[in-house]
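Asks: For reference, the chains in residue letters:
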Amino acid sequence: MTNSIREIRDTDCILVIGSNTGEAHPVISYEVVRATRRGATLIVIDPRKISLTRHAALHLRPAPGTDHALYLGMLNAIVTRGWLDREFVGGRTEGFEALAAHLEAWAPEVAAAACGVPAEQIVEAARLYALGLRRTAAEGGESAPPRGASTILYGMGITERSNGTELVKTLANLAMVTGQIGRPSTGVNPLRGQVNVQGGCDMGCLPNVYPGYQQVADPAVRAKFARAWAQRQSQAGRELTMPEAPGLTFIEMIRAAADGRIRAMYIMGQNLMMTNPDATLMERAMRSLEFLVVQEIFLTETAQLAHVVLPAASFAEKSGTFTNTERRMQLIRPFARPPGEARPDWAILCEVGRRLGRRLRRPLRWAYGSAAEVMREVAALCSIFGGITHERLETVGLQWPCPSPEHPGTLFLHAEQFSRGRGRFHATSPAPPFEPTDDAYPLVLSTGRILYHYNGGPMTRRAAPLDWREPRAYAEIHPDDAARAGVRDGQACLVSSRRGSIRVQARVGGVVPPGMIYVPFHFREAAANLLTHADGLDAGAKTPEFKFAAVRLERLRAERSGAAGGSHPPPE
Amino acid sequence: MPSAASGTTARPRKTVYLGDPLAEPPPPELLAILERHRGRGDVLVTVLQQIQAQYGYLPERSVRYASRELGIPLARLYGVATFYNQFRFTPPGRIQLQVCCGTACHVGGAPAIVERLKAHLQIAENQTTPDGIFTLQTVFCVGCCSLAPVVIASGAAHGRMTPGGAESLVRDLGAAEEGRP
Amino acid sequence: MRSTVKVGTSTCGLATGAEATFRALQEAVSETGLAVSTQRTGCLGACHREPLVEIVVDGAHVLYGPVTADRARPLLEGHFTLHGAPPPPEDWVVSRTPDRRDYAFFAPQVKVTTANCGVIDPLSLEDYLAAGGYEGLRRALAMSPEAVVAAVTDGRLRGRGGAGYPTGLKWKICRSQPDPLKYLVCNADEGDPGAFMDRTLIEGDPHRVLEGMIIAAHGIGARWGYAYVRAEYPLAVKHLEAAIAQARDAGYLGTDILGSGLDFDVIVKEGAGAFVCGEETALMHSIEGRRGTPRMRPPYPAASGLWGHPTNINNVESYASVPSIMTGGAEWFSSLGTSESGGTKTFALAGAIQRTGLVEVPIGVSLRQVIFDVGGGIRDGHSFKAVQIGGPSGGCLPECLLDTPVDYGPLRATGAIMGSGGMVVVDDTTCMVDLARYFLSFTQDESCGKCIPCRIGTRKMLGILTKITRGEGDTADLDRLQQVAHTIHTTSLCGLGQTAPNPVLTTLRYFRDEYAAHIHDRHCPAGTCTALR
Amino acid sequence: MVALTIDGRKVEAGAGSTVLDAALAAGIEIPRLCHHPELTAWGGCRLCLVEVEGQQAPVPSCGLAAAAGMVVITHSEQLEAHRREVLDLLLSDHPLNCVICEKAGACDLQRYAYEFGLSESSHEKEIARKLYQDENAFLVRDHQYCILCTRCVRVCEEIVGASAIEVAQRGFEAFVATPFDAPLVETPCTFCGNCVQVCPTAALVPVDRIGKGREWDLTRTRTVCPYCGTGCGIEVATRGGEIVSVSGYGAPANGEFLCTKGRFGLGFVGHPDRLRRPLIRRDLAYSLGLIDTPPPAALGRSPLGRSPAAGETHVEVDWEIALDLVADRLAAVVKESGPDAFAGIGSALCTNEDNYIFQKLVRGVIGTNNVDLCARV
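Listed in order, the protein sequences are those of chains X, Y, R and D. Mapped onto my numbering, the consecutive letters of the first sequence carry residue numbers 128 to 699. Mapped onto my numbering, the consecutive letters of the second sequence carry residue numbers 363 to 543. Mapped onto my numbering, the consecutive letters of the third sequence carry residue numbers 961 to 1493. Mapped onto my numbering, the consecutive letters of the fourth sequence carry residue numbers 20 to 396.
Think of the hints as simulated: they come from the structure by calculation, not from any bench. This one's a predicted model, so the numbers in the text were calculated from it and none came from an experiment. Treat the hints with care, since some could be wrong.
Stretch by stretch, here's where chain Y covers chain R in the computed footprint (C-beta under 8 Å, at least three residues) [unchecked claim]: (1) 1233 to 1241; (2) 1244 to 1250; (3) 1304 to 1312.
Glycine included, C-beta positions come from ideal geometry on N, C-alpha and C.
Isolated chain X (complex conformation):
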C-alpha cells in the first residue's frame, strides 16, 4: 500500500476495485465502514454484490473481464471535463500528452458499450473520485469544495488477471491524473492477501531481487551479499560467487518441473496443490520431481506428494516478524510449545544450509542464536530496513522505509516524488481474458476467498468454529444460469472446465451477475483450482488468471443435497 490502513477512515471518497474487502480483509473493511459513517462516498467496482456494497453510494458492475474499459472511460471523463489536477500532472508526472491523446477514443459512452455500466455512472464515479467528494457534498451540489482525498483499494480482482500489470498502471493513471496520491488518505493501495506476502517479497524471495529489492543483476549487490554470507571473510572474494541470471518465476518453475528441467524443489509453507491454478498441472509437476521437500505444519495436499516433509513450528511457537500490507513490520511472539520435534522454519533451513553447504562446498555462516540475530543481518544489508531491530519492534510496528535507528518509519509513499522521480503515465488498452467462453463452456468462473476460510484451508478448516460456519464447498450462481442448467438452490451441481470438474453446492442468488460463477478455493473436496488454468500469465508479473476460466454448469442426476467433490477428467 502506498498509504496506511488507518488513513482510510479520513478519506472522502473510496474506490474499492476487485477486492471483496469485507471477507478477504475484514478489518480493513471496518475502516471503510468508518469512513462511510463519517460521510465518505464509497464506490464499489465489482461484478459481484460484495458485502461492502451495503455501504456504497455507487456499485458499478462491469461484465466480468471488461472493467479496463470502465477505468479508461473514467479517465476520459476526468480529462475532458476538467476534473484533473493540472498542478500535480504538470509538476510530478510525465507522458500526460500521450495519455490524453490515447484516451480520446474512450468516451464514457464507448466505455459503457464495452463494459455494460451506464455512461452516467462512469462519469459520476469519475467525478466523485477525482474531486474527492463526500456524500453530502455530492448530493448538495453547492459550491465546489476543495479537492478531497480519494483512495483506491484493490485486490486480486485486478492482479490475478492476464493483463494485471496493465490494469494496475491504469489505476495509477487515475490516481496521478487527479493528484490522489502522495497525500494522507489517498493512494493506490493493493490489499495483500497473506499475512507476510509483503515480507516474503521484502526478504528477497523473488527471482530478480535480493532482500530490500536490491537487483540480482547488480554486481555490487551480489558482491555485498557474498561477502556478508560467506563463512570466512578470506573465502569471499575467491570462492563464493552469486548467480547472475534472474531465476524462474513460480509458474515457470512449475512448467519446468513438469517437463523435467527442474529436478528438485524445496517448498516452505505453501500448499500449492490447493492455491495454484490448474491443480492437475500442479500435481503432474510435483510428481515429475525427483526430489521434493516440503516444510509444513500439516500434511497438506502438497506435503502428501513430498519425498521428505519437515515439521515446522507455527507462528504460535516462534519469534520473528511479519510485514503487513501497509509495509509495517511487527513482532510475533511464541505463546505455545511446538508439537513434538517441530522447529522454527529458519532453524530447519540453517540445518539444511549447513549440511548442504558442506556437500556443495559453499559454506555460509549459519550461526544465528535467534530470529532477532537474523533481523540484525537483514538490517545491515538492506538500507530500507536499516533502522529495524526486534528490540525496537517490541513496542511499536515500523513501516519501511526505515533506514536508521532514529527513523520513525514511513506512513505513506510518494509524498515529495515518486521512486523513479516523475510519475509516468502509461497508455493502456483493454485485453480480453485469456480463455474466452464458448458454447461448450459458456460461463465465466471466478475464484476467491470467503470470510471463514483461508487459502487451501489447512488452518481454518481445523479451526472448529470456522468450519462449523462454512463446512462445504459451494458455487454462487445467478438464478438465470441456474434455471438454464436446471440447478436448484442448495442442491449439488457440477462445474466443469476444460481441465476438470468439481461437485459443489449451488447457491443461487443475486450475488453474481448472469454469466458468472464464483467458487471459493478453500475446499480440498472440491478444489476450485481443478478448474482454473495456468496459461496466459500476466506479461509483467507472471501472475496466473485465477479470475477467469470458461466453465459450464450441470445438474447432477443423483442429487444428494450438500454433496461436494472433485475429479480430474471432465465427465463426458
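Given chain X, work out where chains Y, R and D should sit, using these hints.
Replies: Using the frame of chain X, we list chains Y, R and D on its own:
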C-alpha cells in the same frame, strides 16, 4: 450461565445452508408500498405503518422484504418495530378495543373498565379472543380527557364510559360482528 | 337571512356522538326545507357540553349543548319556530352572545391560538382566510428574517411544550448556524395523559399551525419542515394533511412562497406510540427512522439536529402563537402575559370539575381562577383535593397553592411544572398514593430504557409504591423513594426520566399523611386502593 | 489544544476531545460502563457524570466537549452518591454469580461494585432478560448478564458495518436482539466477535473459553494474526499452553478489532493433525530400507478430495535422517544438473527471518535465483 459450573456447552449442530427465504419477489401490494419510499432517509417508521395498515400487522416476511428492498438493516427495522407501541407482529382481532388509561380516565375509573372487559372477554391485555373478534389494549390518553373515561372501538371513541356501559358496548359490537361471514 | 348551523366534530365531539348529531341536523334541514347551511367546525373547548351545536342567524349566536342526535330535529324546529314548535328548553342553551362570555366557562378566557377553533370549518382555507388567516405570513414575508425573530423575542414567547425556553432565542441560534440546510420540526407528539391542546388546535385550526411554521421557516432559513403528530390523533393528521395540500395549491407552501423567494414545505410524520418521542432528540431519531431514544445534548438540535443539520423544534401551540404576534404585534402579545412570559396558554382541563374542556387564559392568572372560575369547581358535591398539572412530568398541588399563577417560574417553585398544559383536578375520592403510582407506572412503561436510572429506577419506585398501595409498605420505603427519586431526577438522560419522580415528590411533599395512612394504618383514605378496603 | 481545570488540575485537551478524554489522558479515572473510545458516545450508564462550574445538573463527561476555561469536578460526595445509587440499581438487574462467572476479574460492573463496596443490591432483585442463546460455535449470548450498554450494537453497526443486532423492546423489557430473535447465523453477523471484545460483562462470551479458566489463570501474549495481510495485533490468552481466547489490544493496524478468523480461527495451532516429526514418503523409505512394507497404492492417487489416514503416505523418521537425506539428494541434483535444476518456493505465511534464510539458502548454497513466493498467486 456462562461458567465452568455449567460449562459443558455442546457444540451446536453443523450449519445447514438455508437458501434465500426471499427468493420470490415481494407481493405487488407490498412492492407498491416499498416503491413509494425508495431512496429516502425519513421513511422507516412510515413504511412500517403502511405495511401494518395493509395487513393489520407486520408479517415477518414483509419486514424482511422492506429490509432488502430499501437497504435498511433488518435489525434496525426490528428494533424500531418493537420500540413503538403501535406495531404488532401478530394479526389483531377484527375489532380493536382500546381502553384509555390517561390521567382523567384513570381517576375516572378506567382500571375498573379494563378489569370488566378482561373478565367479559376472558383475555388479558394485548390478547385477541379465540374467535378472532376482539383485541383488548390499554392506551395512555387519546386526548378526550374531558369525556373520561373513554373506550375506543375500531377507531370510534365512546366517552363517559362505565364498566357496565363498556360491557354492553362490547356485547353489541360482538353481536353485530358475529352475524358477518 | 343567512343562517348557519355549526357542529363541533373534533375527536371529543365525535366521542359523544357529534357525527350522528350532524347527520341528524342535515336530515332535519333537508326535510324541513330550511335555508340553513350546515357546517363542521373544530372544538370550542366546552367539551363538558358536547356535542355542541351553534346556530348563527344574521349574526345572532346561540350555542346549544349537549345536542345528541335525538335532539337535532326538536332543536332545529324550536330554534326557527317551525310549525309552532316550542323553543328549545333553556337548559340546552350554553350561550347567547357572539363572544359567549355570558357563559362562565368562557368569561375569563382570552382566545388567541384557539380563536378559530369551533368557529371556522377547519377544512376550509377560505374560512381561515376570512378569519384573517395568512395575514401574519404576509407581514412576516415583508419583514427581514432577523426582524421576524426579533418580534418573536420581543413578544416574550416561551416554548409551550413545557420547558419554556425563549422561542426567539432558539430561532436566533438556529438561524446563526452556517449550514445552509436547515430543518424545522413541529412537535405534535402530545403524549401527556390528560393533555389535548395540540389535538384540539390541529383539528380545529390546522392552517394556523402551518402559518406559524412557515413564518418560522422564513425567520430561521429552514428549507424543510416536519410535523410529527401523535399516532393516536388520526383526525389531526387528516386535517393537517388537508391543510398542507390546500396551502401548497394556494402558494403558501412550496417554492417561492407568495413571490418572496422563500422555499419551504412540510411533511407530516405520524408517531407510532412512544411517549418519549415528545423529547426533541427522540423525536428526531423517530423521524430519521431510528428507535425513539433521546441522545445527549449538547449538541442541541439548533446546532445539529435531523441528519446532523441545524433543526428548530417547537410545539404546536408555540407555532400557533406566531401568526398573532405578526398581526397583533409583539407589544400586544407580550402585554397579555407577565413580565417574564408573553401571550396566553391553553390548558386541557379535566377531572372532577363541573366544566371540563380546553381553555385558553393569559399567562399569569391563578390556578384557582382556572379551576373555579372557568372550570366551575368540583362536581357532585365533593371537595377539591389536588390539581395535577404538567402530566407525568408535573406534580400534584394542594388547595393552599391554588393562588399560584400559571407561569413557568412560579409553577416550577412548587415542584410541579407548567408542562404542555394538562390539568387534571381530583377530589376526595382519589388516592394520592395511587395517583403517584399511576404516573410512575406510566413513566416506567414509557421509559425508553437507554439510561440506567430511568430504566431500572422508575421500575424500583413503582415497586415501592405498589407495595405501599397494597398496605405492605414501611417507613423506610419513603426515604428510599426519595433517595432513588433524587438520583433519577439528577442523573437521567432526558426530561422523561428527570421529571418522572415529580408526581411522587410533590405528593410526598403535600400529601404525606396519605402515605402515612397507607403505611401505618393500612388504610386508604380515599378508598381507592382495593387491597386496603 | 484547549486548557481546562479538572479536579483542580490544569489539563490540556486536544481538539475535539471530550472532558472524559481529557481526564483519562491526565490520569484521572472516571467510572463508566457504556463508553468505548472507538465508538460514538452513548450516554446511557450515567456513571461518568461530572460537575461543571456554571451548570446546574451534572453532565456526562463522555459527551461533553472539552472547552477552554471549563472547571470540572469528577469526584464529589454528591457524584459518588449518585454513582453508588446507579450501580445499586444496576446490580438489582444482574445476577451476582461472580464466584463462578467467566468474566470475573475482567468485568467492569464487578470492578465498580467492588470500588463502591456494593456486595448486593438494596433493591428487589428482578431480571427481565431470560434468554440464553448459543446456537453457534463462536459465542454465547447470556442476556441476563447484559447491562444494555449497547457497546455490542454500536460496534456491530459503526465498525463492522453488519448491523446484525439492535436493541429491541424498550424500558425495562429492552434487550439486545437479533431480528425476530433468530439465531445469529441467520443474520448478517460475521462472527467477528468484536461485540464480545467490547462487552463489559459476561453477557457475551466465546463458547471456547467456557470452563477454561479464570482471568487470573491466563497468560497473555501479544503477537500478530497469521491470516490475511492486514497484520492485526492479537493478544492470545493461554492456560498451560492451550489457547483460551483471542482478543485485540489496540495495535496500530487494527486497533482492538479483529475478524472471525483472527479471533476464532487459531484452533489449528493445537490440532492433533500437526506434524510432530520429520516424514519420509513410504516409497522412498521402502527403497532406503527404512521400512519393510511396500508403498501403498494410495500414493498414486490425487491428494485432492481425500484425507489420508495417519501414516498412510509417509513414515516418521529422526531429524538427522531427514536432514541428511535432504542434503544428499539436493546436493546430488545440483552436482548432476547444476544449480538451476533446483527451485525453491518461500512462504507468505512464514516470517521475514524464515524467508530471508530461505533465499539465502537458495542463492548462497545452491547458487540459483530460482526462488519465488506465492505472491503471484
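Asks: Could you run down the list of hints and mark each one as holding or not?
Replies: Evaluation of the provided hints:
no.	hint	in the structure
1	1233 to 1241	holds (count 3)
2	1244 to 1250	holds (count 5)
3	1304 to 1312	holds (count 5)
This entry satisfies every hint, going by the numbered hints stated previously.
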